[in-house]
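Protein chains in written order, with our numbering: chain A, 1 to 137; chain B, 1 to 313.
Worth flagging that the hints you see were computed from the coordinates, not collected in a lab. Glycine included, every Cβ here is placed at the ideal spot set by N, Cα and C. Among the hints, erroneous ones may be present.
To be verified - A few chain B residues facing chain A, derived, Cβ under 7 Å: (1) L183; (2) E184; (3) R209; (4) V210; (5) K232; (6) D251; (7) I292; (8) S294.
To be verified - From chain B, some residues computed to sit far from chain A (all C-beta separations above 10 Å): (9) G65; (10) W104; (11) P137.
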Amino acid sequence: MRLNINAADGMPIYRQLIEQITLLLATGQLKQGDELPPVRVLAQELIINPNTVARAYRELEQAGLLELRQGAGSYVSGAGSPLAKKERRKRLLARVDVLLAEASQLAFTLEEVLELIQTRHAAFQQPGRKRNDESSE
Amino acid sequence: MNQANEQQTATAQAAPILTVEGLSRKFRRKYALEDVTLSVPRGVVFGLVGENGAGKTTLLRHLLGVLRPTTGQVRVFDRDPITDPVAVLSRIGFLSEERDLPGWMTVQELMRYTQAFYPDWDEDYAEALRDHFALDPHTKIKHLSRGEQAKTGLLVALAYRPELLMLDEPSAGLDPVARRDILEAIVRTVAEEGRTVIFSSHLLDEIERVSDQVAMIHEGKLLFQGALDTIKANHQALDVTHPTVTEQRPDWSGVLYARQEGAAWSVICSGTAQDVAEAARSRGWSITEQHIPSLEELFIARVRGGKDRGIMP
Chain A
1 MRLNINAADG
11 MPIYRQLIEQ
21 ITLLLATGQL
31 KQGDELPPVR
41 VLAQELIINP
51 NTVARAYREL
61 EQAGLLELRQ
71 GAGSYVSGAG
81 SPLAKKERRK
91 RLLARVDVLL
101 AEASQLAFTL
111 EEVLELIQTR
121 HAAFQQPGRK
131 RNDESSE
Chain B
1 MNQANEQQTA
11 TAQAAPILTV
21 EGLSRKFRRK
31 YALEDVTLSV
41 PRGVVFGLVG
51 ENGAGKTTLL
61 RHLLGVLRPT
71 TGQVRVFDRD
81 PITDPVAVLS
91 RIGFLSEERD
101 LPGWMTVQEL
111 MRYTQAFYPD
121 WDEDYAEALR
131 DHFALDPHTK
141 IKHLSRGEQA
151 KTGLLVALAY
161 RPELLMLDEP
171 SAGLDPVARR
181 DILEAIVRTV
191 AEEGRTVIFS
201 SHLLDEIERV
211 SDQVAMIHEG
221 KLLFQGALDT
231 IKANHQALDV
241 THPTVTEQRP
251 DWSGVLYARQ
261 EGAAWSVICS
271 GTAQDVAEAA
281 RSRGWSITEQ
291 HIPSLEELFI
301 ARVRGGKDRG
311 IMP
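Working from the sequences, and respecting the hints, build out all of it.
In structure tokens:
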């Protein structure tokens with residue numbers, strides 16, 4: 001599992017972990033049933049506080065993405081319970097709001113935003129293809 | 001409901017390993033520490049942040065009982081380090097900023113010498129650390145590199161598995177590889193055995209990386225102390241512009257620091273993301289960028305913002 005932490009970024013490290021693990025799940029680099037490294041191991045590998053890793057795992061569990069089996073590690077879960085789905089929806093909603101606010105700030109129309117989403121979605125569907133937008137390079 | 005549970009658990013665990021109350025310390029007529037109050041919970045990594053000369057080392061020396069408070073109280077393991085030094089010091093591992101190790105000893109000699117003072121010295125663990133840090137037992141300490149000296153100091157501070165590990169600027173002047181080894185040792189100490197670590201540093205990214213709790217000291221005063229997550233959740237950095245009055249300073253409540261850059265202002269303020277955005281917009285500012293500030297941005301904002309307010313009340 002390749003993760004990269006930037007402590008000077010400002011974004012809390014547990015959020016960086018959540019985003020990167022979520023991306024690994026979205027792109028299929030982590031699959032259902034895969035085991036994640038134990039909290040201590042990942043903390044030592046990334047040189048970050050173990051509580052930070054534990055918090056990221058806990059929130060991923062609450063979002064229905066991970067399953068923490070008592071004393072037996074953390075696994076990528078299946079579809080998740082309806083409750084988890086609701087939680088996931090809530091989380092996504094917050095991100096959509098941010099996206100829309102930013103789009104309006106940068107003077108993009110809703111159509112342009114939707115088009116961008118579709119373009120990016122297509123890029124995600126093609127494994128191996130570079131996922132970075134050319135403008136970010 | 002989950003959050004409430006977590007908070008309860010956090011409070012239950014928060015029986016502090018040490019407390020400092022109203023600590024002031026004068027050297028001649030100047031205050032090196034002024035009315036510092038803080039507490040360190042068990043099992044955390046506690047990062048002490050501040051510029052050189054801010055009072056970090058002076059504070060640590062009070063925790064060790066080396067300095068006596070001018071006023072105020074220090075309790076470590078619920079004991080007074082001044083009147084009960086043996087009980088306190090035998091449970092603390094300390095790495096000083098000066099690395100005041102005897103240069104004429106070899107690594108092995110220093111290990112044997114230190115072992116004599118600590119009944120809990122773990123010989124196998126000491127040997128494992130020496131091996132991990134790649135320290136040659138027969139080299140004299142004065143012939144070691146700066147990084148190797150730091151690792152030697154860390155080895156003798158760790159080998160008796162102290163409940164509290166205290167490191168004063170552990171990575172000052174070290175190359176990135178040696179820094180990594182030191183930080184790794186800090187993480188291992190809390191991760192594997194749930195012990196407590198206090199470390200001071202002027203490198204804010206390393207504090208941010210490994211700390212649960214942070215305290216910021218500036219000119220002998222405590223600027224703030226708390227859980228890093230809470231601090232970060234309650235501060236925002238934003239770039240804002242005003243369509244009409246460009247010379248107007250952002251001055252909604254919570255603004256700690258504002259710096260003008262052309263027509264835009266960079267602002268660091270306290271408050272949650274939503275509250276801050278609402279406050280700014282209600283005053284007619286538009287937000288072009290908003291993020292959670294790094295500890296470094298926060299520190300600069302607190303220090304500079306404080307100065308600005310001092311000059312222009």
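Tested hints:
no. : hint : verdict
1   : L183 : holds (5 Å)
2   : E184 : holds (6 Å)
3   : R209 : holds (4 Å)
4   : V210 : holds (5 Å)
5   : K232 : holds (5 Å)
6   : D251 : violated (22 Å)
7   : I292 : holds (5 Å)
8   : S294 : holds (4 Å)
9   : G65  : holds (28 Å)
10  : W104 : holds (34 Å)
11  : P137 : holds (25 Å)
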